[in-house]
Each structure stands twice: as C-alpha cells, then as structure tokens.
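Working from the sequences, and respecting the hints, build out all of it.
2 protein chains.
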Amino acid sequence: MVKLSARSLDRLFHALADQTRRKILVTLSRGESTVGELARPHKMSLAAVSKHLGVLETAGLIDRKRVGSFQVVNLRAESLQTANKWLSFYEKCWGQKLNALQDLLEKKK
Amino acid sequence: MVKLSARSLDRLFHALADQTRRKILVTLSRGESTVGELARPHKMSLAAVSKHLGVLETAGLIDRKRVGSFQVVNLRAESLQTANKWLSFYEKCWGQKLNALQDLLEKKK
DNA sequence: GTACAATTCAACCAAATGGTTAAATTAAGT
DNA sequence: ACTTAATTTAACCATTTGGTTGAATTGTAC
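Chain order of the listed sequences is X and C. For the first sequence, this note's numbering gives the first residue as 1, with consecutive numbering after it. For the second sequence, this note's numbering gives the first residue as 1001, with consecutive numbering after it.
In silico SDA-like links for lysine to any residue, alpha-carbon gap of 25 Å or less: (1) X:K51 to X:A6; (2) C:K1065 to C:V1035; (3) C:K1051 to X:R11; (4) X:K23 to C:S1008; (5) X:K23 to C:G1060.
None of these hints come from the bench; they were simulated from the model.
Here's what the structure looks like:
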C-alpha cells in the first residue's frame, strides 16, 4: 500500500471533485501550458483559475515554474504515480468485493 | 470511455474526499453493516454518520435497505464498477503522460 | 397501545469553497 | 525609469460542508 496521509488523500480527491480542475488536468495531459492558456476556455476570471491551480498544486497534482513573464504549469509525474498506485489499490479492493458478489450470485444459480 | 456526467464525477470524488467516508467504504468492503455498527468506531454523532452515508448514497457508492428495525448498508457493485472504469481511464491517460516524460528523459540521456 | 431502540430530519453553527473585483507583484520591452 | 502583460493577492460574498443537539419517525416487543 502506498504511503499517503489521510490529509493528502483528502486534498487529492477534493482536487479531482471539480470539473474545471479535471478539465485543466486533461489539458495538461496533452502538454505543459501557461496560466493564461489554461484559463481561456473557462468562462471565469483568471483569478478563479489561479485559485484552482492552487488547489491542484496543494494536492501535488501539478507544479508551476516561472519562465520569463509566464508561469508554466505541468502535471507532476511523481505525484500522479502515487495517486495511480492508490487508485489501483482501491480498484483491487473493490474488485475483490465485486468478485465476492459475483461468486455469491454463481452459487445461487 | 465510461458515460458519467460531470456532476456524477463531482459527487463521486467529493464522496471520496473525506477520511470518515473512506473508512466507511473500507469497512463495507468487508461486508454489509448497519448504520449503528458503522458509526461505532467514529467519534461523532450518529446523525453525522447518517449524513456521511447520505453523501455516499448520492454518489452511488452504497445503498441502504431496511431489515427489521435496522438499516443495512452495502457497497453498490454496479456503481463501483463504473467508478473503476473511470479511474482506469485516467490511470491510462496519466500513464501515457508518464511514459511520454520517461521517453523524453530517455532521449536526453 | 406503550415503551424502547435504530435511524433520520430540522434547525442551527463555524469553517471551507468557488466565485467576484480591484490592487499588488513581477518580468519584458522600449 | 515607464508601460504593458501575466499572474497572484486581498477583501469580499453566497453557498456548501461537516458537525452539533433535540424532536420526529419507524419497527419490535411487551
């Protein structure tokens, strides 16, 4: 099992629980981007998008680095890997439950 | 790709973004349980746990049925399967990003 | 039908969330 | 230095969240 504190998981799932933030992640999965570019497709202020990026950053899902006068945003591979492992664990855990149910249904037949 | 509305995903991830609710899910993965049993290990009121169950139910992660004077709570296999598929998609999506990065690193060497 | 046990509902509260606008920061170009 | 562009910060606001307590509901047992 991956070592992730409860707080980290809270932050991770909370970050994913918003469509705007999920869209940003999907955009970033196609390559790095500036804040302005990320904001353009969303009809909300730049400040709002900046806040969403803050949430994603605290969750460890992205990082920002300054390049010239721009902030360049990237998915954080390391953190994604950890997230992936956690998700896999639960997939397995829930999968077992699923299998148990299916076994039960088989027996009933 | 699994058909899940943005609102459903919001609810799903929001439901997972709380330690108490995650613990409840883990408990339930070991088998069905009553509300009282689920509440006992948590030091908060029964009403609070009942609310958490409401969140999990709205997210489609559990269902409740009355058995005698108890409410029996179960993981909802169907919904879990959908959730699993969605998570898998993102694992793959993020995995590709990860691979792209690794390829890039390989090329640099 | 009275009493009790399991659970939910209602009303309330403090803190966090997701948005706004306006001011502050930071770097680039002239 | 001055201006402009990119982004963040600050102050604010409405709504949602996660908890509380006390009353209402629903089913069991007498």
